[in-house]
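Protein chains in written order, with full-length UniProt numbering: chain A, 1 to 308; chain B, 1 to 308; chain C, 1 to 308; chain D, 1 to 308.
Treat the hints as calculated values from the structure; they're not laboratory data. All of these numbers come straight from a predicted model, not from anything done at the bench. The beta-carbon is built from N, C-alpha and C at its ideal position, and this holds for glycine as well. There's no promise every hint is true.
What the hints assert, rightly or not - Under the rule of at most 20 Å between Cα atoms (straight-line distance), these lysine to aspartate or glutamate pairs were calculated in the EDC-like manner:
| hint | chain 1 | residue 1 | chain 2 | residue 2 |
| --- | --- | --- | --- | --- |
| 1 | A | Lys235 | C | Asp188 |
| 2 | D | Lys235 | A | Glu287 |
| 3 | C | Lys170 | C | Asp188 |
| 4 | B | Lys181 | A | Asp137 |
| 5 | A | Lys85 | A | Glu166 |
| 6 | A | Lys181 | A | Asp75 |
| 7 | B | Lys170 | A | Asp75 |
| 8 | B | Lys298 | A | Asp137 |
Claimed, not checked - Heads up, incomplete: computed chain A residues facing chain B, CB under 7 Å, no partners named:
| hint | residue |
| --- | --- |
| 9 | Val6 |
| 10 | Asn135 |
| 11 | Val140 |
| 12 | Pro144 |
Unchecked claim - Just a sample of chain A residues kept apart from chain D, beta carbon distances all over 10 Å, derived:
| hint | residue |
| --- | --- |
| 13 | Gln60 |
| 14 | Asp62 |
| 15 | Asp67 |
4 protein chains.
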Amino acid sequence: MALTGVLRPGHAQIRVLDIEESVKWYTDVMGLKYQGRDDQGRAYFKTRAERDHNSIILRQADRAGLDFFGYKVLDKATLVELERKLNDHGVKTERMPAGDLLETGERVRFQIPTGHTIELYAEKNAVGSAVGCVNPDMDVIDQPGITPIRMDHALLYGTDLDGATELFCKVLGFTLVERVKLEDGQTDLGVWLTCSAKAHDIAIVRHGEPNKLHHVSFQLGSWEQVLRAADIMSKRRVSIDMGPTRHGITNGTTIYFFDPSGNRLETFAGGYDHYPDMEPITWTWDEVGAGIFYHDRKLNEAFLSVVT
Amino acid sequence: MALTGVLRPGHAQIRVLDIEESVKWYTDVMGLKYQGRDDQGRAYFKTRAERDHNSIILRQADRAGLDFFGYKVLDKATLVELERKLNDHGVKTERMPAGDLLETGERVRFQIPTGHTIELYAEKNAVGSAVGCVNPDMDVIDQPGITPIRMDHALLYGTDLDGATELFCKVLGFTLVERVKLEDGQTDLGVWLTCSAKAHDIAIVRHGEPNKLHHVSFQLGSWEQVLRAADIMSKRRVSIDMGPTRHGITNGTTIYFFDPSGNRLETFAGGYDHYPDMEPITWTWDEVGAGIFYHDRKLNEAFLSVVT
Amino acid sequence: MALTGVLRPGHAQIRVLDIEESVKWYTDVMGLKYQGRDDQGRAYFKTRAERDHNSIILRQADRAGLDFFGYKVLDKATLVELERKLNDHGVKTERMPAGDLLETGERVRFQIPTGHTIELYAEKNAVGSAVGCVNPDMDVIDQPGITPIRMDHALLYGTDLDGATELFCKVLGFTLVERVKLEDGQTDLGVWLTCSAKAHDIAIVRHGEPNKLHHVSFQLGSWEQVLRAADIMSKRRVSIDMGPTRHGITNGTTIYFFDPSGNRLETFAGGYDHYPDMEPITWTWDEVGAGIFYHDRKLNEAFLSVVT
Amino acid sequence: MALTGVLRPGHAQIRVLDIEESVKWYTDVMGLKYQGRDDQGRAYFKTRAERDHNSIILRQADRAGLDFFGYKVLDKATLVELERKLNDHGVKTERMPAGDLLETGERVRFQIPTGHTIELYAEKNAVGSAVGCVNPDMDVIDQPGITPIRMDHALLYGTDLDGATELFCKVLGFTLVERVKLEDGQTDLGVWLTCSAKAHDIAIVRHGEPNKLHHVSFQLGSWEQVLRAADIMSKRRVSIDMGPTRHGITNGTTIYFFDPSGNRLETFAGGYDHYPDMEPITWTWDEVGAGIFYHDRKLNEAFLSVVT
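Isolated chain A (complex conformation) (with noise of 0.2 Å):
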């Protein structure tokens, strides 16, 4: 098959302060469809788009931040397959059980070298989009909350850069789409990756500790449902940290903001494609800041450095 192996971003764990709190938060400010919760207490939400159970799964936790993040593979010979290349590689994998995610069938899970946790799954129950798969009526916004199509990809901060996009790309297929390069012009500051033809599946880059996460993203149709997403964030007082803009990296036009926890999200639309025979987009040092924030150019310290 053309588009095989990792397929897509399929969920996110994300760890929150106050479980109730944001399962309220994430219903009625982001729009997600809640589709329940496990015996472990954890919160199950997807999009109305999203054909698979769910997308995005809330802990409740003393302090914020990314548990896992889940990308569906093709099949289960292609799980098989992945878990083998990722031991050749020296990765050494764990069999989590089909069911202890809701709806999820067994997980392969993995650290990378920037001290993330990533997993790899061939099946999670397909419940269907709002509108179903025989003569689909178009799923127009017709609710308070944002409402994204899907959950996209999210941005790591970690250690090792180089031995996790070695890891996604020689290992998981992943291509490589842009890089910002640190003032040396040879080191990588951060990567964009995709496993299909989308501007980025994962974005990484160089911090000095692991397992950070920068932020979770959404996808949106438009730039006007950009605007629309902003407007909802002022009106509910959610803390907007940038936006709306647009990156050079990516074309995408986007804000950034922060759940109730302090979980950075983003909610962005646009981005070009990006096949494997293309060479990679490169940023210089001194560019970088227009690479971020295409039309402040330049460099956001607060933006830059403030994970969890």
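Based on the hints, put chains B, C and D in the right spot on chain A.
Same frame as chain A, now just chains B, C and D:
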């Protein structure tokens, strides 16, 4: 790699009745970048955002239509492997020499059961987008023409739809995204197939005659750019067939119109992502009108039957 | 004052065949705010953004159409003065008592030469927009219906176009913004008139029968909201007459559709500002198609002849 | 007439430090149409959509800022009447001769209590928009610059805000649309006034120094054109002060940026209609941040204090 095999639609060779007039029209009205002529007199174009040397090739002829439609594959090894698979499937292939198309490597050419000529190739010289790969600025539209992002897909009309679908899916690794059923509820009237995660990289409709072109399609960045395109068409007295409107199938917003030779073209924006683990969407015969043009919800005879 | 006299279209009383069904439809599909019934059984609505108590009044009747169309004037002194001017112009006026329409003051009612009933009034109780007048938040669309900004204008079909135009311009202070000429190059087929700086506060087309309604129009905020409106119409199986498309006249983007009684409504966005020092725009008979629907550039018989 | 008296902002004379550089910048970056120079060396511009000969006049000087801001009035009789009203109000007026500004009739010039020079005039030669008044095509954006629709309004900073407001409202017939209150809940920090039904035709903020310019503003057609403008600014290395974002006040979407001389300009889209029967909107001191920049909801010192 996660995206491998057949990557994307790469070129379409279109027959035009007056090459000089057409070069002017595809430059001024479509806003394509003219890339020169070859010694057979064929004219080459790319969009500003496309990186490879050409995507549209015009050939002067007595009647309009599509000579062939080509896909770029990952690399030369993939080309060899796919040729072998085609042959194993009983498809005769022909090698077109490197350089036969400007800046393009060797192509593997074959006929699909609907009578169309399809090509695969691994090499087309990357001349770069308008903004390049180092610290790229945004490529703001600053010229009179429509200025699409890319040549995106084609819709073919032909006889043996089932055979063509089988070839694309079983041999070339495409996935079925949507299909329209005839009144019997069994037979496919048309199929939309992807080799990536786009809503379609090819579409095929069952038709009494083989080897017909319904349209070649160009991607735009937004519904507002669809409006701009329609305004340009009216201003330049281009014959609009349909639109601006929305497809139920793929959810894309669209305009259909004709080049000076009567070839139908499309400019569209939007559409959802499809992955190979997802169930295809099915349109039943009684709702096919809404599938084709969502706002009208009724069949349009001219749209369905006029082909080149 | 710079803006004085007749301020804006304020209310339209529309006849519907089934008032219960219509109340539901104008609420759920149009997204209007239901404001209650009067003792004659008439149902009142406003948009969320409108501040006065009502703008659409539905009356159950045996046939669809427009009972009357009303304009708000600056104040009671203006009402008296305009009534005197109307009488001086030979127009008989009738005073409708305060309270005859809910929360509405005394109205001066008269017939214009096209046979339509027009009203002027100075008082309608300001119940406020959805966001109020102190530190208002943005009124983000968060409900299923179309949710227009305001009832904006009407297009009337009637007999003595010249007489009606003279009355609006000479007596009521409207300005001619655009006009369409018949084949003789002299006679007006239609006129677009403003009492403010909007592209139109009333439009009138010459027609064989008096007192006909072509459409009542509602303003939307953007071309993307026009698309959302069209999607809602299709989803709710509303009969769309035309669009989404663009008018040459006024430049507005538009959809025409029918309420359950067959009254044509419009949702539109955009249009330019016109001031009384500006030359009107003239459309000649050979280009009237582009004037009406800019992308099609051809006359549409049903659109031109079907009225209620 | 319904719209009479003062019609609209008509021209702004802006001081620039290098007229040659500025002519190039206002042409290439702003996308204005250069209309020539007068014998004092002043450079004239209009937008493509404006019909009168000029709206922006640049004068070379040692420091940036606004020389004067002019309003077009309905006709010569109105000009005489308003001059008389100004004199009755105790305002000294000066007659600037016809032809002093290119293609412009006699102007009545006066100082308002904030120290700014305001002009009224009845005549400016109508040279026509880019598409004319007979069967006009849509004026599709087809050039590199921002290409606004019109010079729309200015925001002035000055001393006697109350006196200026009284003059605009009582003498010139403007209406108060919105106001921001200081901490005392009584004193106005700023007012937004209209002479038509636009959200603002002038805005004034209380300031320690007289006769300061905060910005001159240009209207764009949509939020997507605001994005295009921001992209052009970044691409052309224009210094962006703020945005893209949205104002709470007027609801407009906006970018603030500086011309090469340091004059702040705005490009904006949207905003609601205001009529003289409507209650003004009031922003209290604790919410003024949201009034100014709705998404940030906090005061921005540089935005508030930097003026020319």
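Right, here's what the structure says about each hint:
A distance of roughly 49 Å separates the Cα atoms of Lys235(A) and Asp188(C); the hinted pair therefore is violated under the 20 Å criterion. The hinted pair formed by Lys235(D) and Glu287(A) meets the criterion: a straight-line CA distance of about 12 Å does not exceed 20 Å. For the given pair, Lys170(C) sits about 17 Å from Asp188(C) by alpha-carbon distance, which is consistent with the 20 Å threshold. Distance restraint check for Lys181(B) and Asp137(A): the Cα-Cα separation of roughly 17 Å lies within the 20 Å cut-off, and the hinted pair is therefore satisfied.
Among the hinted pairs, Lys85(A) with Glu166(A) is consistent with the structure: their alpha-carbon atoms are about 13 Å apart, no more than 20 Å. With a C-alpha separation of about 36 Å, the suggested pair Lys181(A) and Asp75(A) falls outside the 20 Å cut-off, and the hint is violated. Between Lys170(B) and Asp75(A), the direct Cα distance comes to roughly 17 Å. Compliance with the 20 Å bound is thereby established for this hinted pair. A C-alpha spacing of about 14 Å is found between Lys298(B) and Asp137(A), which places the hinted pair at or below 20 Å, so the restraint holds.
With 7 Å as the threshold, the beta carbon of Val6(A) comes within range of chain B, its nearest partner Cβ sitting at about 5 Å, so the hint holds. Annotation: Asn135(A) was flagged as interfacial toward chain B, and the flag holds, the nearest CB pair being 4 Å apart, inside 7 Å. Annotation: Val140(A) was flagged as interfacial toward chain B, and the flag is violated, the nearest CB pair being 11 Å apart, outside 7 Å. Restraint check, Pro144(A) versus chain B: the minimum CB separation of about 23 Å is more than 7 Å; hint violated.
Once the 10 Å rule is applied to beta carbons, Gln60(A) is consistent with being away from chain D; the minimum gap is 29 Å. With a minimum CB-CB distance of about 29 Å to chain D, Asp62(A) clears the 10 Å threshold, and the non-interface call stands. With a closest Cβ-Cβ approach of about 30 Å to chain D, Asp67(A) is found to remain outside the 10 Å limit, as its non-interface label requires.
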